[in-house]
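*Asks:* When you get a sec, could you build the whole thing from the sequences and use the hints?
2 protein chains.
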Amino acid sequence: MYTIGQVSEMFSIPASTLRYYDKEGLFPGIERKSGIRKFSNREIEALRVIECLKNSGLEIREIKQFMEWSTEGSATYQQRKELFETRLKKVAEEMDNLQKTMDMLKYKCWYYETAIQDGNEERILSMLPDKLPPEIQKLYDSAHD
Amino acid sequence: MYTIGQVSEMFSIPASTLRYYDKEGLFPGIERKSGIRKFSNREIEALRVIECLKNSGLEIREIKQFMEWSTEGSATYQQRKELFETRLKKVAEEMDNLQKTMDMLKYKCWYYETAIQDGNEERILSMLPDKLPPEIQKLYDSAHD
DNA sequence: GCTTGACTTAAAGCTAACTTTAAGTATTAC
DNA sequence: GTAATACTTAAAGTTAGCTTTAAGTCAAGC
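In order, the protein sequence lines correspond to chains A and B.
Quick note on the numbering used here: the first sequence kicks off at 1 and runs consecutively.
Quick note on the numbering used here: the second sequence kicks off at 1 and runs consecutively.
FYI, nobody ran anything at the bench for these hints, they're computed from the structure.
It cannot be assumed that every hint is accurate.
Note that identical chains are pooled: a pair holds if it fits in a single copy or bridges any two copies.
[Stated by the list, open to error] Derived pair list, reagent style DSSO-like, types lysine-lysine, alpha-carbon separation capped at 27 Å:
1. Lys64 with Lys100
2. Lys54 with Lys23
3. Lys89 with Lys138
4. Lys138 with Lys90
None of the values given here were measured: they were computed from a predicted structure.
*Replies:* Written out as structure tokens, the structure reads:
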């Protein structure tokens with residue numbers, strides 16, 4: 001059993017944020033002793049799922065929905081499974097998107113490395129849009145679909 | 001040369017957002033004809049970079065800084081290069097983080113598939129924390145470092 | 001010449017996710 | 001017993017990034 005301060009330390013999350021999460025219903029049925037929250041393994045695992053769902057782009061009120069489903073036993077297994085499947089797809093898309101972002105960033109790194117070497121951008125501009133070195137051309141094309 | 005409406009269509013960005021970006025200084029020196037903005041290839045390419053930097057987690061005011069550097073010629077090549085290098089590192093970290101998020105999501109998908117098959121979570125809980133099927137154990141460990 | 005549709009502005013409004021504040025209670029260390 | 005520390009609350013404040021509103025200008029088609 002942990003206090004809010006201990007959990008705050010463990011997860012590097014401000015206690016005020018944990019209180020906010022509780023107020024928003026993310027720890028349904030959390031135990032209390034004379035007003036003070038007692039975080040058990042259930043809440044610790046909940047917090048790991050909260051972080052995961054938040055990273056997947058889910059909003060707090062949708063995470064609350066999930067936490068409510070979790071208190072309803074086997075009747076909501078299907079909904080919960082579908083939620084995770086949907087989130088998985090979403091994150092896979094986000095990864096694809098970030099891969100394109102990285103390609104653009106790598107292209108720009110090359111661009112400025114080359115500009116620094118040359119002292120100007122003229123040689124680069126004369127290679128655009130399709131006479132860049134092969135590796136760089138790939139990055140450029142990926143970023144300029 | 002494009003009007004704000006054409007650019008809005010091309011990039012699927014509301015015209016109001018493009019005006020907001022302009023107000024925030026993201027199109028320094030954009031041309032106007034009797035008050036109306038004229039988006040040239042320079043602004044189109046700027047918009048691609050804006051999207052890229054935004055996806056990398058940069059704030060609008062930092063993107064503005066970059067756009068100002070871009071008007072200052074070769075004197076700022078170094079800063080611009082470093083900006084893209086820093087962003088690249090940041091996005092690579094974000095990708096790692098998302099990979100962990102995906103592992104947790106995959107684990108949860110398996111969890112609920114199994115719970116649906118069994119009708120309850122008992123068998124799964126008896127396998128925790130280190131007697132899960134090998135492939136699933138990997139996901140679980142990755143998500144519970 | 002008048003209607004239509006796309007553009008313009010400044011300013012106010014919105015939303016999510018916290019974060020801070022102010023005032024108070026409870027527990028632990030000495 | 002008292003001082004320090006950690007907890008409690010409700011409510012107000014903050015921030016980023018838009019989005020909407022209201023009032024107006026401008027060019028093209030009929």
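*Asks:* All the hints need checking, so say for each whether the structure fits it.
*Replies:* Here is what the structure says about each hint:
| no. | hint | result |
| --- | --- | --- |
| 1 | Lys64 with Lys100 | between (32 Å within a copy, 22 Å between copies) |
| 2 | Lys54 with Lys23 | within (17 Å within a copy, 31 Å between copies) |
| 3 | Lys89 with Lys138 | both (26 Å within a copy, 20 Å between copies) |
| 4 | Lys138 with Lys90 | both (25 Å within a copy, 22 Å between copies) |
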